[in-house]
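Fit chain B to the given chain A structure using the hints.
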Amino acid sequence: MAAADQRGTCVKGIKFMLKTRTHRQLLAVMLLAGLCSSMTARAAQDAQDEDFFVDQAEAAEVKIADPLESLNRVTFAFNDKVYRYALKPVARGLRILPVPVRTSFANFFSNLKDPMSAISALLQGEPRNAASELGRFVLNTTVGLLGFLDPATEVGLIEDDEDLGQTMASYGVGHGFYLVVPFYGSSSLRDLTGDIATSSLNPVLHNLETGEVVGITLASAEVNLSLDKDSYEGFYENSLDPYIFFRSAWVQNREGKIKK
Amino acid sequence: MASIFTLFPRLTHRFVRSRRVVLALGLLLPLLSIAPLSQADDATPSAAVKGAVDKILGILRKPDFNFDKDRSSISVEIRKAFDDVAMAQSVLSTNWKAINADQQSEFKELLSQTIENNYIGRLKAYTDEKVEIRHEDVKDTLATVDTVIVAKSGDVPVNYKLRKRKDGWFIYDVVVENVSMVSTYRDSYRPIFSKDGIDGLLKQMKAKIAELKG
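For the protein sequence lines, the chains are A and B, in the order given.
Position 49 of the first sequence, counting from 1, maps to 873 under the working numbering, and the rest follow consecutively.
Position 109 of the second sequence, counting from 1, maps to 169 under the working numbering, and the rest follow consecutively.
Okay, chain B solo, but in the shape it has when bound:
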């Protein structure tokens, strides 16, 4: 907050000369603060899912694809499409409120990396297949997008759960054959949290990520 206070003298000195400008600006400001809320309605949940899946599969299908080399560009696409805060809150459930802000952000980061590992690993097996969007269900700010990986060996239903933020729709869960990614992580982490606390959990997550990097 302090930075805003110190900014004011300069701002006001430069731009503000008359009382009318002052009033006009003052009246406009509340409108400006509402504006972002009504933006970004153009993207639908299906478009968000399709965009993300297409981009990721596009990278995986490159003829010169190299897992270690292209990893960061996949990671960028995943992070653009997934809502890391919602996932972290969902996974830790009530324990989210029991930890401090630093621990929350560290957990959020480690969970993102863990999910990336898992998601990329699974998706890698399906590069030759087509992904089709089958159904979209929107309820207010939440949506489900049902997709199917059309594979020679049989279709694999993959459903995405999304929530709407000011800047568009973001994925917060992936459900494959009724199994929710977020619920499975929640169940897996709960006993570790109870036994070793948040520090123990963070340590184990870090160790696992390091191990997979090998």
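In isolation and in its complexed conformation, chain A is listed as follows:
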């Protein structure tokens, strides 16, 4: 629109100049023509860019149904309190331990997940990833002293976080709808089902009581939280609507993992 306006003004200007033909005005015409061509080109480019970014923005949209939004918002507010007054103080307390110690514990908990990661990858028809995850588990459990060390990454077996939610997604199962689970956080119908199945089918945790599995999950969360650089608080305070912000971030993070 801006380009068309400018073109119109330029044409009028040139026509006006052409009516009186002296040397000076000939230059003026040429100057004006030169300026106009670059200005309209610039405006046209801007208009094109605008369309590009608007179109790209639309294409990039990731949406999730949220029919339970009112309930989810209540749970979100509840979890926020649990985070601030229970989880975070413990994590802050853990920070008296040196980073390498906490990283080792994070490795240990992460190693417990690798067998299910391998199975999830296999079920997705990704035998290479499955083999890599299995290799990680075997190497880290033995050479890596029960998983406290991570020699697998050093030999090039990079962790690829897979779970049964991602497996379901690979078969075309959608999120269903967004769910904020008390004490647990963002999930969806599909991913909550996936997470429950992933942890209950995990051969490593098979002989443990439910309470013990919850304990391991909690300890794992605390260690990771102690290593995190207060990103939750940072995003929360910067956001106009933290609920929407974290919903969007969670959906994008899951989409990214599924695509991998």
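Derived by calculation from the structure, the hints in this document are not laboratory data.
Just so you know, not all the hints are guaranteed correct.
Here are the simulated DSS-like cross-link-like pairs (lysine-lysine), alpha carbons at most 30 Å apart as the crow flies [said to hold, decoys possible]: (1) A:K1053 / B:K129; (2) B:K157 / A:K1081; (3) B:K129 / B:K263; (4) A:K887 / B:K190; (5) B:K140 / B:K190; (6) A:K905 / B:K184; (7) A:K1053 / B:K184; (8) B:K255 / A:K905.
Derived DEER-like restraints, expressed as beta-carbon distance ranges [what the hints assert, rightly or not]: (9) A:V979 / B:A158: 51 to 61 Å; (10) A:Y1060 / B:G118: 21 to 31 Å; (11) A:A1043 / B:A161: 53 to 63 Å; (12) B:F127 / A:R897: 29 to 39 Å; (13) A:K887 / B:R194: 24 to 34 Å; (14) B:N126 / A:G917: 49 to 59 Å; (15) A:E1036 / B:G118: 45 to 55 Å; (16) A:P951 / B:I193: 29 to 39 Å.
Values in this document were obtained by computation on a predicted structure and should not be read as measured data.
By construction, the Cβ of each residue, glycine as well, lies at the ideal position given by its N, Cα and C atoms.
Positioned in the frame of chain A, the structure of chain B alone reads:
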């Protein structure tokens, strides 16, 4: 446009004597107007990202760093590296065309401040770590630069999206762990825009910025 018309008599009187000069100038002008397009190809997307990150981290690492005092110099570096128009268009998406030029420029400014707050806040946590450029992918006028913050507690992948303008490469999105900054703002602002319109959104953004200044 009026200013250009009024400028002409003086310009022509001073510099133009002969017909040949007139013709030469006339022929040169279209070339001049194309010239800027082919300039500034020397800077690569990676160089643009590295330059910006190094400068910002450099300020954050100063021994006498003071957040309030040095804030403006960080802000200058961020604004040099980020494409505020592209970000604003991307965040508002189709709604960008529904608002007028004044609202567009106000939104652009408020978004820049918001992103600055967020980016500086996050980066502040990583001053002791190293940032490495891992991969660059250029498609025509768009590029992605993958970087990693190498931290003791584990690597954090941060990917930058850039677009090429006449004056170089500019960042229009930052993607951390698959989460795009621009997409997240878009999702967050859309419901506010639908409910309270652009004026409501601008008001809330202003209030948030004031609140963070505290």
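Status of the hints after comparison with the structure:
1. Restraint check for K1053 (chain A) and K129 (chain B): the C-alpha separation of about 23 Å stays at or below 30 Å, so the hint holds.
2. A distance of roughly 33 Å separates the Cα atoms of K157 (chain B) and K1081 (chain A); the hinted pair therefore is violated under the 30 Å criterion.
3. Proposed proximity of K129 (chain B) and K263 (chain B) is supported: the alpha carbons are some 27 Å apart, at most 30 Å.
4. Proposed proximity of K887 (chain A) and K190 (chain B) is contradicted: the alpha carbons are some 35 Å apart, above 30 Å.
5. Simply put, K140 (chain B) and K190 (chain B) have alpha-carbon atoms about 22 Å apart, close enough for the 30 Å limit, and the pair holds.
6. Only pairs whose Cα atoms come within 30 Å are accepted, and K905 (chain A) paired with K184 (chain B) is accepted, the gap being roughly 25 Å.
7. Restraint check for K1053 (chain A) and K184 (chain B): the C-alpha separation of about 10 Å stays at or below 30 Å, so the hint holds.
8. Of the supplied pair hints, the one linking K255 (chain B) and K905 (chain A) holds, its CA atoms being roughly 28 Å apart against a limit of 30 Å.
9. The supplied range of 51 to 61 Å is met by V979 (chain A) and A158 (chain B), whose beta-carbon atoms lie about 55 Å from each other.
10. A beta carbon spacing of about 28 Å between Y1060 (chain A) and G118 (chain B) agrees with the range 21 to 31 Å that was offered as a hint.
11. Between A1043 (chain A) and A161 (chain B), the C-beta spacing of about 55 Å keeps the proposed range 53 to 63 Å intact.
12. Taking 29 to 39 Å as the suggested C-beta distance range, the pair F127 (chain B) and R897 (chain A) conforms, at roughly 32 Å.
13. A beta carbon spacing of about 30 Å between K887 (chain A) and R194 (chain B) agrees with the range 24 to 34 Å that was offered as a hint.
14. In this structure the supplied range 49 to 59 Å is violated for N126 (chain B) paired with G917 (chain A), their Cβ-Cβ distance being about 29 Å.
15. For the hinted restraint 45 to 55 Å between E1036 (chain A) and G118 (chain B), the CB-CB distance of approximately 48 Å keeps it satisfied.
16. Roughly 32 Å separates the CB atoms of P951 (chain A) and I193 (chain B), a value that falls within the hinted 29 to 39 Å.
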